[in-house]
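Put together the whole structure using the sequences plus the hints.
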Amino acid sequence: MRSFITGIILVFAFILQTTLIQYIELWNVKPNLIIVIIISLALIRGSVKGAVIGLCGGILMDLFLAKGFGLNSLLCMYIGIIAGLISTRFVKESYFVATLFTFLLSFVYELSFFFLRFYIWGETQFLFFIKNTIIPQSIYNCILVIPIYHFIMKINNWLEKRFKISRKY
Amino acid sequence: MAYFFRNKYIVGLIFVTIVIFVLMGVSTTVERSKANVVEDIVGNILSPVQKIFYNIGESIDGIINFLGEIKTLKMQNEELVKKIDMMEQENRSIQELKDENRRLREMLDLKQKTDKFEMVAAEVVSKDPGNWFNTFIIDKGTAHGLQKKCAVITSKGLVGYICDIGTNWAKVISIIDADSSVGSIVVRTRDIAVVKGDLTLQNQGLCKMTYISKGENVISGDLVETSGMGGIYPEGLLIGKIKEIKPEEHGISKYAIIEPAVDFERINEVFVIKNTSNLVTE
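As given, the protein sequences belong to chains A and B, one line each in that order.
Position 150, counted from 1, in the first sequence is what my numbering calls 135; the numbers after and before it change by one each time, with no gaps.
Positions in the second sequence are counted from 1; adding 3 to them yields my numbering.
If you're looking for bench data, these hints aren't it; they were derived computationally from the structure.
Hints may be right or wrong, so weigh each one.
As the list claims (entries may be wrong) - With a straight-line Cα cutoff of 27 Å, these simulated DSS-like cross-link-like pairs (lysine-lysine) come out: (1) K244(B) - K159(B); (2) K116(A) - K246(B); (3) K101(B) - K11(B); (4) K116(A) - K217(B); (5) K139(A) - K34(A); (6) K217(B) - K246(B); (7) K11(B) - K34(A); (8) K152(B) - K217(B).
Everything numeric in this text was worked out from a predicted model, so none of it was measured.
Structure below.
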């Protein structure tokens, strides 16, 4: 039941990301809902679940990429693991932790994506993209994480309650 | 080291990582004419849902634009009425006839040009999730007679080509994507150049025309068309107009920033040229 709902959340996030998110662009940059969801879920569920969720989210993104499969899957999986490891060392239900690490992890994700997909193939304007795409997107993501983290925590609590009740019977 | 291999999660992680590396290698080297089964199924399931959401977004955008415009509409209206009065006096019959003649001629030309195209109308259902690419998915696929490398246009001009295709969907890579390049020609001077997508410009909806030699006298405002060379696009499709001309860093040639005729931010209905492969001379 839990993984089913997680799957639904991921697919729904993906659909929103590819259709409606483009209308809320700021500074010509759109936020990445999928990364935000992966980080929030991993912060709550820990590193093993985080890895699986990250992998699934990454595969979804990769399937719709023009060419080359795998980069998103790999990066998202590791982002999920790192977020999960962080959650064991910090207070889980803190919006501050969520915001801070969404910023850092989005930054790391976008930077490594840029580096592996473009920089090593000859796109050398590093600072331009850090300034114009990577940092704005990371900021946008960590604004977005507050409502999403809240929403996911609500769902998680609800599921935990249900799960305990059904275990009693 | 032995500890690491005893931990099943770490073994699993290493395994998954290796599998993805292998898939990465396979996907970049294997040339295929159609998407694989998994991609096809995921695409077939998701694209109808995405289509609904895409249309919702569009209508909301339309309503918001409409509401925002109401304020300025009245003012504009008054201004326009004044203008129309003036223009009516100016516009005498000879001028009108001249214009009409030219317009009809253009329409006839256009019809002759597009007559040889067999076109299929398609709707955009979704765009790529990130900020690094400029691709989108349309709602027609092999079931409607399309194939890989068909050119995609709108009524305004060139959009891109199909880079991956499933039964009921096709992935279109637009001309402003960093991976795209189009053989092109400047209409006025007949100078040949290459229009390329550029990573720094694509989020503003612009692209770049490179390899213009210094002697050529292209100016901003010149129209750019496809030249038919390069094996993907048929000739004579409008790409856009030159916005700005700048010297290249090394000084040997110059490049131009192109404003495409198509607005890639608000793209909805496109036409796929079904018989692209017959029209292209390789």
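Evaluation of the provided hints:
no. : hint              : result
1   : K244(B) - K159(B) : holds, 12 Å
2   : K116(A) - K246(B) : holds, 24 Å
3   : K101(B) - K11(B)  : violated, 81 Å
4   : K116(A) - K217(B) : violated, 32 Å
5   : K139(A) - K34(A)  : holds, 18 Å
6   : K217(B) - K246(B) : holds, 17 Å
7   : K11(B) - K34(A)   : holds, 14 Å
8   : K152(B) - K217(B) : violated, 33 Å
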